[in-house]
Amino acid sequence: MLHIKCPHCGMRSQNEFSYGGDASVKRPELGKDISDQDWNNFVYNRKSLRGKHWELWQHLAGCRQWIKVERDTGSHEIFKTLKAEEEIS
Amino acid sequence: MTQSFRLKDVGLINRNKKLSFKFNGKKYYGYEGDSLASALIANGVHLIGRSFKYHRPRGFFGAGVDEPYAIVQLYRNGETEPNIKATEQELFDGLEAKSVNCWPSVNFDIGAINNFLRIFLPAGFYYKTFMWPKSFWYKIYEPFIRKAAGLGTASIKHDKERYEHKYEYCDLLIAGSGPSGLASAYAAAKNGARVILAEDKSRFGGTLLTSEVNIGNKSGKEWADGIISELKEMPNVTVKNRSQVFGYYDHNMLVMSERVSDHLPKTKEFHPKQRLWYIRAKEVLISSGSIERPIVFGNNDTPGVMLSSAAKEYMKVYGVLVGKNPLIFTNNDSGYETAIEFKKNGVDPLILDTRSNPNSEIINEAKDLNVKIKNSYVVVAAQGYKKVKSADIAKISEDKEQLGTIENVKCDCICVSGFWTPTIHLASQSGNKTKFNEEIDAFVPRKSKQNEKTLGAANGIYTLEETLKDSFEAGHEVSKKITNNENRVSFPNVVEKKSSIHDKFWCVPLPKGKNYKRFLDFQNDVAVSDIEIALREGYRSIEHVKRYTTLGMATDQGKTSNLNGLQLVSKIENKVVPAVGHTTFRPPYTPVSIGAIVGREVGKHSKPTRKSPMHSWHEKNNAVFVDAGVWLRPRYYKRGNEDLFEASKREAKNVRTNVGVCDVTTLGKIDIKGPDAAELLNRVYTNAWLKLPVGKARYGVMLREDGIVMDDGTTTRISENHYHMTTTTAQAANVLSHLEYYLQLVWPELNVNVVSSTEQWAGAAIAGPKSRNLLQKLFPNSDVSNEGLPFMGYMEGDLFGVKARIFRISFSGELAYEVNVESNNGNFMWEKIIEVGEQFKIQPYGTEALSTLRIEMGHVAGSELDGRTIPYDNSLEGLLSKKKDFIGKRSLSRKAFIAEDRQKVVGVVPLDKKTSIPEGSHLVKDSKAPSPNPKLGYISASCWSVEYDNPFSLAILKDGKNMIGEKLFVMSPLKNKIIPVEIVSSHYVDPKGERVRS
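So the protein lines, in turn, are chains A and B. Following this note's numbering, the numbering of the first sequence begins with 1 at its first residue and continues without gaps. Following this note's numbering, the numbering of the second sequence begins with 1 at its first residue and continues without gaps.
Isolated chain B (complex conformation) (with noise of 0.2 Å):
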């Protein structure tokens, strides 16, 4: 098909660039500077896809952000996104797009059968149908109507293309480049402001481009043109299209995505695909225009119906006949404008004024070109399925009840102006309260909570002239706010035609004997009839009314069905409109993308990656990583085709009979230094730190007020005012600042510094009983014997000319120390380690062998220490003051914390010795008791014993103290697992802890 419904030379498109595209894999033609929408018309396309509950046809109804049909799936570059509305996709050379919710065909769908059972699917059906038997709503409901239901099909692939986010601060942000968005922007930048202009569409001007009006002797356009090209030069201002101001947020934050390269037919190198700005503007003006109503007639959502100014737009701008015999259907003068622009283009059109005998300069041009006018005149029923072949038009009495006899005439479309709806989504996000203008029978913003103000149409003022000069005032005051300029800008001449009041009439009444549906909501098929029936059935609130009927809860969040709606329920409630009020308005004004709202902060990017100093060489030893929170750890180093079990049971076992080294960087440090530095310890921890010498490390507990352990870790005296603290990996941060709250808010008297030195310091734990033998030799000149340096011992020491911390301390519970030196030094204390400890057969271990040497030692680490243990469940008990307060002492002598009966860490062994027992598993007395078994406890971390050469784990057990020697079950309905087990010491290895201090 050719380009039928093109007009020749009318239109902002580029004809000399004509592009290709693919509509249901059909090829058409169309020009660069269409959209999609306009692409298709101008070929004579208009079914474009199903309704979204009956399966109707579907055609165009708006020419932008307002469209509630013409959604389809488009294909680009390899990629396809739903919910794309094709009065906003820009055409670009080879785009392929396919119509949504319709199957096989957009011709021939079955779905449209709910037309048919329409009468059995009315509002509330699915809740008052699926709700019943229980059962069936997982196996048959619910995957029936996700089938039935949907606008498109998101991808599964992962999003090659690029999303990014930018903050940006400006004085002031306008949000519309119509009229009074250009007026204002204009005013406040020659006065020295910082300004954003936002425009959605990719051209600037709004209703400039489409009306026909004289600013400053020149066309809207040319005006517009001119101010935006001045405004691009201007340095202090940033002009922005194909970007949407779409979220007004808490302290003047405002969101906007910006469309960078959906127009493109692939995203150029080094751009995103879209950008999300976070705006913090001192002020805000929004100028985002108003969107034109509907007034509601029988199956007025029949393709070929649209708005009004939508078939002005298709001409004007693009230069497209939505029909060549088309019927006008208005309450007010626009429809009368459009009616001017068809005849102007050699079509003529039929006006259906509901008015009786209006009069203005629009109607008076109109007329002197000898346009058809049918006053008192209504459409009652569009007639046609896939596209609008006649409308029933009928005379409609003085008090627009009575409907005269009805007359069929021919139409191929039905342009539809129910007069003018402000935008007030922004506003009313702000926290704007809206009030209800009686003139224009709809809301505007009234009191603003934030820095902002509406302006021209969103704020109901509908004459160009006024607009102006609000706007160009605003942008003054606004600007003078912040730079104290007094720079004025001089008013242009306006000339625009007056236009006549509008006739508050927006539903037709019915014919007797017909039972057309009149719809209100487009996109969700809600009709007069659902409204009905939801009062009917007592629904009052139009919070609730929209949740029942789903009035408004589409992707276009009600833009052309709001207004209507609310005149229904306040008709059939006898109430005005603005007591029954409107529903809240909640970001984003339009869909926006995951992609953008996720922007760089994808796989790897979603969070940091932490590596250690030592990391290149756990890579060049085959070591396999884990993430251990944001640092990548070494989980093992596999050696020929050993898996995880294998190698680190040979990490462990090396560790007990030979040395290990395990890279310890990760654990939290924590620099404290200060005159109170030991009384703060003391506070801090359960016990007792004021007698600590130099030169030795203490093991201590941390709780929170609550009485639960928060953390646990060794500090070292390094001398007298300075003390080095360790943390878990995981809990680094939180102590910090934990010590900074009590430091800075309740003991400020403390004279004590703290900063964190993780990164300071790199870290190796040398294990095992050859560990000593090892240390002599990397430290030659220092006496590292038990006696020089003993258990909790701390000294100084050269490492091959580096400066190292040697701190005598075991996690595995062998024979022990940790190393530490400057971070830049730790691959060089690494790989002497590795070298020098040759000869006593070291071994690099992993966090795996690392928790297997903790676990069967019976010391309590992350998966114990969980956020719900206090210091008794964790056999932590010895370690709490008795002499002194800390920090969540009290707590601890609360009845549940000291019942007879509390939970304790116990180890569990299974009876065959074989089977391993999963982590968070159930124990229980009796494995065949009925569901819900009574739980005793659960097992908190599980390993291969080395030592044993069987499986070990800890448990927290209720009454753990006394359950040592009893016989349990555990069980894991997960793995589908019953083992029966026996309580035993959670110390199961070395329970004396001789091995530390040999």
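Looking at chain A on its own, in the form it has when it is part of the complex (with noise of 0.2 Å):
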């Protein structure tokens, strides 16, 4: 089970977080006209990789903030958590 660093919490196990997906993915605007390839990879296309990886976790149990997390997907190491407002960088 992973532990993972709230950033409003500290050290919480996974069983507390629910899995939201890859971070990185931003949300077209709304209204914006987008074409159906741009759209497709907004709703379905993720890269599967393996490595270093920012997620959405949400501290579902806890303070029900999205957080960003970094996360060696092969060997589960995590390197930084941030809050939902941060950038990753």
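Don't read these hints as lab results, they were simulated from the structure. Think of the CB as a built atom: it goes at the ideal place given N, C-alpha and C, for glycine as much as any other residue. Treat the hints loosely; a few may be bogus.
[Unchecked claim] The following label-pair restraints were derived from C-beta to C-beta distances: (1) Glu85/A - Ser931/B: 31 to 37 Å; (2) Glu29/A - Gly695/B: 31 to 37 Å; (3) Glu85/A - Asn77/B: 57 to 63 Å; (4) His158/B - Ser35/A: 57 to 63 Å; (5) Asn15/A - Lys433/B: 24 to 30 Å; (6) Lys433/B - Glu85/A: 35 to 41 Å; (7) Val25/A - Lys958/B: 30 to 36 Å; (8) His722/B - Leu30/A: 45 to 51 Å; (9) Asn359/B - Asn15/A: 31 to 37 Å.
Two independent chains are provided; combine them into the complex using the hints.
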């Protein structure tokens, strides 16, 4: 079980969180014309990479904040966690 | 039989407490402190079971966790448990055990015919034989294999025992209480670290209990006892025996199973049988020791052949002789220690040493005691069927290839030592890449991936002095990292006998003309010949060889077989062992009972149960409940002998004619506040929300980004910047997370707060033509007329002194209202509604009537909004705003979503107006078409229409728009039904929606 540092609450076990997918995906602006391909990329297409990956988790059984977690998908090492409003560096 | 193999005054057992037990129905006696194995050996019982494949007789091979043979079915306090190692099971008074994998008895086992058929049962036999014909698998092969295989029977009764889970955090977890575990725990504890020390056995001390050493002028055991009692007194230390750390997971999470009560005849009141510990440790020290390795020779699975260390442990710990005429077969000095122990207890052993001229302190001590030693000798084969009677031995050449003349010597046991294999399972599980240590022919941990370090024998260090030095140092260093303290403990004086190097000999060649089975894996009956076949057939990767031959795959996970298997593969392949590599070590290290894994989460405890504030009223009024997610909801209220069908029809009918009340507390409720609340709703819902006036409710549909309907519900504007959103019962949590996602990550500029208020409000839906009359009586001071409170209107009211929210919304399609009060007042509200409603013939209705009402009105719900449908499919396209963007809108223009013949919700009526239509059935054009019959759609929900008194269903049907009036067939292969049906509008009752506005 992973041990995730919630930027608001501190170190907590994985079972307090729920996974939210790739954190680098940006939702297209509302009302903007967008090609089928770009929309499909936003909705469906994700890299399933091995290695460092920024992902979203929600501290569901805690502060309910969505957070950003930089995790190695192979080794599960967690390098950094950020608040929702903090930009991925 | 008396305990004729019990020694006098030796061992750690309590001779003042005699215990009786039964094995295979026969009564025996042992002592407190015995294992089941030691008690049986004391009584001269060596035949304990039959082997997995060939049903060969099985005895004892080890004395602990490494035991591959002695697996029994245990009976304790009216329960039975399979897969219990007799070597690990502590004896208690009244214990009963039986042999497994034998029929009709362990002495005469019909399955043993496999032993004679063994040339037909080589590696991969099952794969090769049971492949064809395909149809034979279920009826013939599989039942046969099931009957023939298996190591015991699981009970089919509910387990009455209690199992617990415990979560623990510590600075340092130490697995194993041998010399390295004790030393590191002591050093770390004295330096202020919070330590958990876990020992698998009941006794602490590991090899210190059986080795002849001296630490600080004390025997090994005395020193261990002293350290343990000191540790137990320290507030920063938890010391646990009978506790196996069996799994090392990510981020230094380890799991340990504590056998709290398995050693007792009965679990004490308020105690669990077992407890599973989830331990998050900052640092881990692995002191799991090593396991003696067998040497491979002919018939090396005969009962009486066992590890030399086990023989020593039986003598020193349990005061039991494994034989009175022992033969010791060794390639290192460990065999001599066992021989010395025999000699001290008045038994004359014979040592066969594969080495030509070994010399060391230990060997000299044996010689001084006149122990008979034959150098350059090997055991060629054990003789005897159910117990060793003699051994064929021979001199072996210097190159270890040629055997001399075979001699036969009488013996009643063969104690084997092929040197020691470090127990690296936990380290490997942690991600540590191991390396091969040539000196000890075994793998040891190399580079840690997590915060762990392996000490002592588990790290391939076999001298006590070095082990203790390393371990004191490691305990200090690791604790210093955490506590920053510098309190050192002094290093004790250590006396141990020096040993010489071992011989890298591991397998005795077959003599000419003999074809003895030479076993590698004792639990799965994998012999040298099986590996040879696998390699001949082209298997190369050790992982493949393992799966093809089942080498190392049994419940002992190859603890004694792994390395010899690797040696063999590398020899045949002409490679070095590290080039072959080892198979992956995976948790659990030892079998863990399912009960311990499940813990308290059984039956009703497997999930929380949520009840509405009106629950006790429902109970008192004969409600029959149904699980709605984790909620318990009344399904119907039983009157007299009514069944579900009759009761729900009565309740629904009463709503259509009079008035009914339904508990809708379970609906998800989200309180939304902030100046941008309307903007949020406008983006989340598909319809327009910016112009909703205060005091009005609106129905809304929300989509996922992929255009699929996520949820629906009404949202009411309570005041300028305050909204009350309702969701379906099932999606309440998901919708809240969904809103939080967009507010926190996508549109943080929106000034809105959302919070779940599901449990803050109790809700009652009052529905039916007489609902307004009832409402007027409930709220005499409010104007609830059609003008005062129009459809989709909202007002606050005073319900006999209680503040209430009144919404004019309808799910049933009738004139209807929903009244919400604070949860604490829920029961009061409910009782008032029932009391006042009596004059209007009010009846409570459950979820079944609720469904009937919504289905015949064509209102879509969870069974249509099932995560596969878009708004069009549910005839909700009228709610899609063309003027604004919203979540998921862009997806709706995808090609498949705008196809002309897109699926759509329709109504379905059986032509005979009688036959009920099973939910989940398929709709087809031609009931006689060959299979697979093209499916046009499926029945999503069915009811008995109370309006028309005939069955009615909703279906999602391809090209539903153009199918109204068509005649199709409903097919349910599951219920074996074919029903001719007509497709009608989904709005079966009141299609113009006049009632809700009346």
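Comparing the hints with the structure gives:
{"no.": "1", "hint": "Glu85/A - Ser931/B: 31 to 37 Å", "result": "violated, 57 Å"}
{"no.": "2", "hint": "Glu29/A - Gly695/B: 31 to 37 Å", "result": "holds, 33 Å"}
{"no.": "3", "hint": "Glu85/A - Asn77/B: 57 to 63 Å", "result": "holds, 58 Å"}
{"no.": "4", "hint": "His158/B - Ser35/A: 57 to 63 Å", "result": "holds, 59 Å"}
{"no.": "5", "hint": "Asn15/A - Lys433/B: 24 to 30 Å", "result": "holds, 29 Å"}
{"no.": "6", "hint": "Lys433/B - Glu85/A: 35 to 41 Å", "result": "holds, 40 Å"}
{"no.": "7", "hint": "Val25/A - Lys958/B: 30 to 36 Å", "result": "holds, 33 Å"}
{"no.": "8", "hint": "His722/B - Leu30/A: 45 to 51 Å", "result": "violated, 24 Å"}
{"no.": "9", "hint": "Asn359/B - Asn15/A: 31 to 37 Å", "result": "violated, 58 Å"}
The structure fails to meet hints 1, 8, 9 from the earlier list, while all remaining hints are met.
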